[in-house]
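Relying on the hints, combine the two individually framed chains into one complex.
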Amino acid sequence: DSGVTQTPKHLITATGQRVTLRCSPRSGDLSVYWYQQSLDQGLQFLIHYYNGEERAKGNILERFSAQQFPDLHSELNLSSLELGDSALYFCASSVGLADYNEQFFGPGTRLTVL
Amino acid sequence: GESVGLHLPTLSVQEGDNSIINCAYSNSASDYFIWYKQESGKGPQFIIDIRSNMDKRQGQRVTVLLNKTVKHLSLQIAATQPGDSAVYFCAENLIYPNTGNQFYFGTGTSLTVIP
Numbered sequence: 043d044s045g046v047t048q049t050p051k052h053l054i055t056a057t058g059q060r061v062t063l064r065c066s067p068r069s070g071d072l073s074v075y076w077y078q079q080s081l082d083q084g085l086q087f088l089i090h091y092y093n094g095e096e097r098a099k100g101n102i103l104e105r106f107s108a109q110q111f112p113d114l115h116s117e118l119n120l121s122s123l124e125l126g127d128s129a130l131y132f133c134a135s136s137v138g139l140a141d142y143n144e145q146f147f148g149p150g151t152r153l154t155v156l
Numbered sequence: 639g640e641s642v643g644l645h646l647p648t649l650s651v652q653e654g655d656n657s658i659i660n661c662a663y664s665n666s667a668s669d670y671f672i673w674y675k676q677e678s679g680k681g682p683q684f685i686i687d688i689r690s691n692m693d694k695r696q697g698q699r700v701t702v703l704l705n706k707t708v709k710h711l712s713l714q715i716a717a718t719q720p721g722d723s724a725v726y727f728c729a730e731n732l733i734y735p736n737t738g739n740q741f742y743f744g745t746g747t748s749l750t751v752i753p
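Top to bottom, those sequences are chains A and B.
Position one of the first sequence corresponds to residue 43 (our numbering), numbered consecutively onward.
Position one of the second sequence corresponds to residue 639 (our numbering), numbered consecutively onward.
Next up, chain B with everything else stripped away, as it sits in the complex (with noise of 0.2 Å):
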């Protein structure tokens, strides 16, 4: 199977400090990209996406960057809340002719924000 890899584990940040979560993916056939944040007790909730033809999007307070040379992706949160304390999931989409679309998700990265 494909490797969806983040390079750390937990993050501790202090309220209002900007987050960086870090994604590494195997695959440079991979089209497409998501960030989810799964809270505690809940399904992965859908943050930003961002196409193989792009290298950065931004939405509100969150920006993904897609480095293809080095197969990274990054999750940059701004002014980190509390409200903002969860795992952090990237996933991967991959089309093969038998299987149809694929997504392969990373372990997760657990942020934590320090009041």
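Next up, chain A with everything else stripped away, as it sits in the complex (with noise of 0.2 Å):
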């Protein structure tokens, strides 16, 4: 156990809707990012979050948007979903901001498009 949380687990819905995916990071941990990962794809960088500011953002579609809140849990929020965004979104915690602060994985989110 990573000590990440996501939730859901799993998440059906159809086109065209709207989701949020939720992580809570480790225990004093700052940093959150957020990976897409298909099987089309692999794994894909979206977007990182450190103490509730964005620091980068990597493939991530203008649909998608995230945000770390003062608690410093994270939300990635999914509009306008098409069938192409069915994937598994993962997101990992650290402690700091440096690129080699250890990520921690959470579970992930299946998402499934229908």
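By construction, these hints were calculated from the structure, which means they are not laboratory data.
Treat the hints with caution; some may be incorrect.
Covered, in the sense of this in silico footprint (three residues per stretch, anywhere, with C-beta under 8 Å from a C-beta of chain A), are these stretches of chain B [claimed, not checked]:
no.	stretch
1	681-695
2	730-739
3	743-753
Beta carbons are placed, not taken as given, at the ideal position from N, Cα and C, and that holds for glycine.
In structure tokens:
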């Protein structure tokens, strides 16, 4: 158990809908990262937050947004969902801002868009 | 985007043998590399990392080698055990002025350990 929790574990929804994925980092970790893992694209970095502020943006679509709250939990919002958004979404947390801070991954949320 | 490729999608080894998993990266400006292990139904798990100013780093039963000349990274697992069966990813880190720290992952190599 990495100490990172993600909810829900599974999510099934329809095209065009909007969903929110939630991540609670390990106690004491200030950084949260979001990743998407799909069969055709592999693991892709989406976005990084540190202590409530966006620090880096990767391959995140404009339909997706994220935020990190004062209690350090984070949410990833996916809107106008398409079939191709079906994937595993992982969040990871680390203690600091540096790239060499080990990232601890949560168990993921499996999103299925029908 | 950047390309981080793996040479072999699958690898089978006998228990007790050494395993070598390879990875090619495309950007010579990459500064930091990480190997992850992902077991079925779980999130990736950090194994070992290496900075670009090093060519070798050892952990417990694992060694990462970095060859910057040919932009190649490898993960060596000594005395492979059944619990090592998983998908292994390499990841590459670059820092861009406008978009910050970016992580790029390879497609993964599935390691199967034969008892």
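Verification of the hints:
Residues of the stretch 681-695 of chain B lying with their CB closer than 8 Å to a CB of chain A number 6, which satisfies the three-residue condition for coverage. Only when three residues or more bring their CB closer than 8 Å to a CB of chain A does the claim for the stretch 730-739 of chain B stand; here the count is 5, and the claim holds. Evaluation of the coverage hint for the stretch 743-753 of chain B: fulfilled, as 4 residues show C-beta separations to chain A shorter than 8 Å, against a requirement of three.
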